[in-house]
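> When you line the sequence shown up against the numbering used here, it's residues 11 to 954, in that order.
Source of the hints: derived by calculation from the structure; they are not laboratory data.
Don't take every hint at face value.
[To be verified] Simulated DEER-style distance windows between Cβ atoms:
(1) LYS217 with GLY279: 17 to 27 Å
(2) ALA747 with SER120: 36 to 46 Å
(3) ARG104 with GLN216: 27 to 37 Å
(4) ASN505 with ALA337: 41 to 51 Å
(5) ARG437 with ASN303: 44 to 54 Å
(6) LYS217 with ARG122: 25 to 35 Å
(7) GLN216 with ASP719: 53 to 63 Å
(8) SER193 with THR134: 13 to 23 Å
[To be verified] Result set (DSS-like, lysine-lysine): computed pairs, CA atoms no more than 30 Å apart in a straight line:
(9) LYS313 with LYS329
(10) LYS223 with LYS205
(11) LYS272 with LYS205
(12) LYS313 with LYS223
(13) LYS272 with LYS313
Given the structure is predicted, the values throughout are model-derived calculations rather than measurements.
Think of the CB as a built atom: it goes at the ideal place given N, C-alpha and C, for glycine as much as any other residue.
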Amino acid sequence: MSSRSLPLLATLPFLLAPALGAAGLTPRLVKDINLLTLSQGSLPSDYVTVGNLVFFAADDGETGKELWRTDGTAGGTYRLTDACPGQCPSGPARFAVSDRQYFFTASDESLRRNLWVSGGTPATTFELTSAAIPPLTGNRRLWVPALGLLLFTADDGVHGPELWRSDGSPGGTYQVTDLWPGSQGSDPRAMVLFKDRVYFVADDPQKGPILWKSDGTPQGTQAVRDPVPGTANHPVPALLRVAGNTLYFVAPTPSQGVELWKSDGTTRGTVPLTDLVPGPGSPAIWDLIALGNRLLFVADDGKSGQELWATDGTQPGTKMLTHLTPADAFHGQGGDYYLSPTILGNRLLFGVDDGDHGGEIWTTDGTPAGTSLLKDVCPGRCTGAGAVWSVVGKYALFPGYNSVRGQEMWVTDGTTAGTHLLRDICRGSCSSYPFLPFTTGSQAFFVTSDPFSPSNLTQRLWRTDGTSRGTFQVATARSLQGSGGAGFGGAVLGNTLIFSAQDDAHGDELWRSDGTPQGTGLLVDINSHNPTASSVPYYLSAAGNDVFFFANDGQHGFELWKSDGTAAGTALVHEFIPGLEPGFMPFSFLAAQAGGSLFFKLVESGGDTGADGLWRTDGTDRGTVRLTNDKVWPGQICAVGNTLFFAARDDDHGTELWKSDGTPAGTVLVKDVEPGFAGSEVDNLTAFQGRLYFTARMAGHGNELWVSDGTEAGTHMVKDIAPGDGSSSPAGLLVVAGRLWFIAAPDEFHPQIWSTDGTEAGTVQAHLVPDSDGYALVTDGTRLLIHNFISSGGGALWLSDGTAAGTRSLGAIPLNPSRLGNQPVTFGGKLYFTAGTADRPFDPMLWASDGTPEGTAPVPGPNGLILLNPTYLQVFAGRLVFTTPDGGLWQSDGTSAGTVKIRDLAGPGESGIGAWELVPAGSRLFFRSFDRATGEELWTIDGP
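Work the whole structure out from these sequences, hints included.
Pasting the structure below:
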């Protein structure tokens, strides 16, 4: 160990783990709560249409989830390959589609994802390469019909992410060129097809990110334009879009900031188009959309706020189309981004909030005079419609809401007179909640939920031609949610819809519909095995030695249960809705323990059963009490001693701070910080030194840090960090080393790390790391893990005990700050945490650090494989335990050999175990798990 690591390691708590025993940790079933039998089905998903076939993933009960195909008939539906031999699932996922081939990725036995291709028969389905790993995220692959090539980004472990090509054969799949020699890689991305070539952004070691083009050959892969010559440190060109014969994109300029560019594909013809913010300033630009030969885009020029613009490719022809009142018109009241552009004929339909009508659908022909509100679906300031979903013939479909009809499907022909409710499926003010339509030629399909069925799990499939007369129901099923309830999944095959549905006899299987009731039904029963039904325990929350959760025993629907880790001590606590019909599954659940009781907030998944609100339970039916009424909508909750604090909104006060002693009478408003309907927007509730700290907005002071002892007089601002009306907007509150830490911006724009001892004088900026454009803070309870980053890329990772002397750099690691996990733990003298890197921003890895740069690196899994997306990190029974997205339950001692799946430690012939929601309670670790013998039930691991 180097001498410079000693001071830091001396301050780390040493939780030295004993060597893993041969038996490892042993999971066991707590109780099989739901004893009913139910066909699980084959869980078909990931539908893709190629020619006259639909490819999809399914599990026949023998080979795991593998690639299948169908031509719409039972005889033409069969499995194409077993990419991961045996019962292990390869999890085929769409990569790209040509006119005759389906490119997909699949996992092998080592969990490595390789590139495959299929022509629709077993003989034409094979692996293209295992030499490189292609990414699953971002615009990093594109089929070029004129060249007959797939161009994509892949990493072979030697050259880093570089440009590859494939003609659909193993011999024709290889790296095109090495734009950045070495393991760094150029990371080609943002690919778009233009003039039979692929244009993309890639990194150059001297020039930084620049625009390139390729025809799939080394000599035909060329740089198009370096937007800022002479430096590699500049923003990345982005938002590549083609309109007519012009390629548009957003990129930096040498002297005019980041602006809109245009290109004819040549270096000379690639030039800046706009200077929306004159001089070196930069506008904010979103969503480039082609409407004929025009390009439409949303931009904020610093004066007008977010507006819709259009350009014909010339500076005089670049004009603002809208003049909206709110500065954030396209982001709505809750921060949701509207727009969702849809082209209907020669017009663009889009969602926006103009400040007078709430979020509604607008229409434009690309000119200021032709841009207007289409219809005020919910009259007044309420939001009636935010997005158009699909086009069928001359009509566009969208979900609309108002207080008279609820949320139903609406239709428009692009005119105000032709915009109306399609059909009031749930008559009156109730809602049918239509979602995700599929268009098949002259008809569209969509799904609605029955608000009076358990968990809205009775769902109905409808077809429409855009008219009320042509809208009718074609099927009813227990669920049309598709595999895992992830949304209506399907694909169009000619005029037929291929989709997932579940009924009582077959589970989740493959269905088809031609748009008639008699032509809608089960296509083939792929998995005829009949495993047990599952109670599906969700929202596990520890309270003392017990764990509370929601589960369905097949008799009461989803209700509140608790367990002490024994079968006898596992029982139903409370029925919110008596009987099986209608039960419900909460849409949202938050829990906290205070004063010997468990407080929890429920948000229903649908219907109006009166269960929404704040509750308290002592573990008995009689002691489970609703604390708020229908006029109070709780948000965040936080326990401080015996008091439960929570943010809540009501019609009189807006969102303010409330508290509860566990009784309805003792559940009251603490203080009306900002009188009026909007309220003070209370947020970031955090317990510190026996009091509650939170953020709130107040006239004359902006959004600042507040404290409360539970009384009105004892609720006040800690410090006005951004004096006057400005807001420092504190965020990321953490307690470390006897102080409360947070991020704040005294000038409203440049965030800094601050800490407080609870007094105004003791609230100060912490100069622990160099100033940066932003920070991410997490803690293991004793140390701060800090990532400071700059918007143009780069940054460093730091470990700190809260003092300048105790702050050490872990190296200039290019992390994605939004993927720094919030659950680091200390184990075996090292800090373990999850983080995504700049080259894999959406795939966080498990990292370990001994407090030195050389000792900070990803934790290798079996055979050196890096484990992606680990969650629920826990130190339990002298081991590091965590889960992965495939449901894998893992233990690790920090070495490759000692990192193993716990399910692999089961005896011969025992069922495999996946795991979700690891929750320690007492001496046990509880989790939800599945095996073929009992279904998805509550499991535990006993501690020593």
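> Does each hint fit the structure? Answer for all of them.
Each hint, compared with the structure:
no.: 1; hint: LYS217 with GLY279: 17 to 27 Å; result: holds (19 Å)
no.: 2; hint: ALA747 with SER120: 36 to 46 Å; result: holds (42 Å)
no.: 3; hint: ARG104 with GLN216: 27 to 37 Å; result: holds (36 Å)
no.: 4; hint: ASN505 with ALA337: 41 to 51 Å; result: holds (46 Å)
no.: 5; hint: ARG437 with ASN303: 44 to 54 Å; result: holds (46 Å)
no.: 6; hint: LYS217 with ARG122: 25 to 35 Å; result: holds (33 Å)
no.: 7; hint: GLN216 with ASP719: 53 to 63 Å; result: holds (59 Å)
no.: 8; hint: SER193 with THR134: 13 to 23 Å; result: violated (35 Å)
no.: 9; hint: LYS313 with LYS329; result: holds (14 Å)
no.: 10; hint: LYS223 with LYS205; result: holds (10 Å)
no.: 11; hint: LYS272 with LYS205; result: holds (14 Å)
no.: 12; hint: LYS313 with LYS223; result: violated (36 Å)
no.: 13; hint: LYS272 with LYS313; result: holds (24 Å)
When each numbered hint is compared with the structure, violations occur for hints 8 and 12.
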